[in-house]
Amino acid sequence: MIDVLSLLIQPLGQTLLMIVVSTLIATIFGGGLGILLFALSNDRFAGARRGALVAKHVADRVINMLRSFPYIILMVLVLPISRLIVGTSLGTIAAIVPLSIAAIPFLARIVESSLSEIDSGVIDAAISCAASKRRIVFAILIPEALPSLISGLTLTMISLLGYSAMAGVIGGGGLGDLAIRYGYQRFRGDVMAVAVITIIVLVELIQFAGTALANRIRSSR
Amino acid sequence: MFHAERPEEAADQALIAQPSYHASLREGLFAPARALFQNISVSTHAHPPNVMRIDGVSKAFGGHRVLNGISLDVPKGSIHGIIGKSGAGKTTLIRIAGLLEKPDSGLVRYEGIEPPVHLLRGRALLEARRKTGFVFQSFNLFASRTAGENVAFPLEAAGWPHAKIRGRVAELLDLVGLSDKADRPAMHLSGGEKQRIAIARALANRPSILFSDEATSALDPETTRSVLGLIRSLREMLGLTVIMVTHQMEVVRRTCDTVSVIEGGTIVEQGLVSEVFTTTRSDAARAFLKEDHDD
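Just so you know, the sequences run in chain order A and B. Be aware that the first sequence starts at 0, since it is given in numbering that gives the first Met the number 0, and climbs by one per residue. Be aware that the second sequence starts at 0, since it is given in numbering that gives the first Met the number 0, and climbs by one per residue.
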């Protein structure tokens, strides 16, 4: 058992590194893209203008395309990009690149839909307070949508945990890789079980923390 | 920039410091000021300067014409009611007047601002919006903020320093009688309290015009009366001009000096409340009068 647990340490670290870093990257870029998608389609912001309609259309096509790739294929396709950005196409750091690329459009859609759910009357009120669009987004809309944004971020992290199980294909390691190499290829049922249970526990922890945080914000209102 | 020149401004400041004055205002003891408005005519050449002029405004949504060449002048310091059935176009009209919507054609002018405000963009548009406050039927408070933080938002947006915001928020909460609710989450307030906070928020930047879109329609009769009383006393105290949309005759009768009856996107009757509803010429006005008696 000690031997199984010692096998677990490094892959667990790799998995955590992959999902935490790619979630952070996705929060910055996916969050920004989500705000942009919302602003482009909302007529209180840029929505009615022709340029906005075109930009929204292009963004929609690109996002849908990225989201429709099976992750394992996306991972291989972005190998050259990984080499360009992090200098290598193999290993845990390299695996963060396709994870982020998958998570950005995913989170962007979640942010877009969270912001779109805000009552238009609240946006009217913010406009009538003579606030700039930027201030309305950052001082009102994001705080208003915060519980729903946190739920979306939780969802993104859990998806990333699933995707990260495939990182072994490009030498990224992680818990999924451990399960395949030891559990499946070397017939170590005990390692397989421990790896899978660890993944289940991680999912539960992420979901628990996300739900608790979102509920806490909701109940303070 | 005309509100800086308002002589009342200094007086407001002095009055705000005296709580006893507020108490008497809330009772509505302002017969002399009310008398002032008996002689106001709604014609285009009225003598008290018009704070707002709307000229031939039309608006359509998806081919459906909602407003049809509406003109409206609102003299400074008056409370003007816009009454009509649902679908008559009154909400669209007040949203255009209050810079929440742009007209397809026609002009919207505020006193002292050139060009007509509906043409403004960017900073100039924000400056013009600071001359207005808007209150809504569903209050539209920010759930992520406390009552006090809701009132602070327009001040943050206007770039006030934090220390000054705190003082002004306290002043505004006092004005609407909710000083003790500053730290309540906005959603924990009662309906009447929410609307008072919304009014305080609307008044934060010392606007000249307060727009009210069915502000009391979600409130019970008693709360309605108290919110309308507050609006009247704020008009007296701050020299506000108030434009209020309603479908309730009671609200107009109780609160407004002048009224426009709107039907099918046009104004069918306009004038002093006392006159419009004694010598009604339009069926729409008569319908409202009847409804009022039925109540």
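None of these hints come from the bench; they were simulated from the model. Please note that a few of the clues may not be correct.
Stated by the list, open to error - The list that follows gives simulated cross-link-like pairs (lysine-lysine, DSS-like), each with its CA atoms no further than 27 angstroms apart:
| hint | chain 1 | residue 1 | chain 2 | residue 2 |
| --- | --- | --- | --- | --- |
| 1 | A | K132 | A | K55 |
| 2 | B | K163 | A | K132 |
| 3 | B | K101 | A | K132 |
| 4 | B | K101 | B | K84 |
| 5 | B | K101 | B | K75 |
| 6 | B | K180 | B | K163 |
| 7 | B | K180 | A | K55 |
What the hints assert, rightly or not - Examples of chain A residues toward chain B, derived with CB under 7 angstroms:
| hint | residue |
| --- | --- |
| 8 | Q9 |
| 9 | A129 |
| 10 | A211 |
| 11 | L212 |
Note that the structure is a prediction, hence the values are computed from the model and not measured. Each residue gets a CB set at the ideal place from its N, CA and C atoms; glycine is no exception.
Here is how each hint holds up against the structure:
no.	hint	verdict
1	K132(A) / K55(A)	holds, 18 angstroms
2	K163(B) / K132(A)	holds, 23 angstroms
3	K101(B) / K132(A)	holds, 17 angstroms
4	K101(B) / K84(B)	holds, 22 angstroms
5	K101(B) / K75(B)	holds, 23 angstroms
6	K180(B) / K163(B)	holds, 19 angstroms
7	K180(B) / K55(A)	violated, 43 angstroms
8	Q9	violated, 42 angstroms
9	A129	holds, 4 angstroms
10	A211	violated, 18 angstroms
11	L212	violated, 14 angstroms
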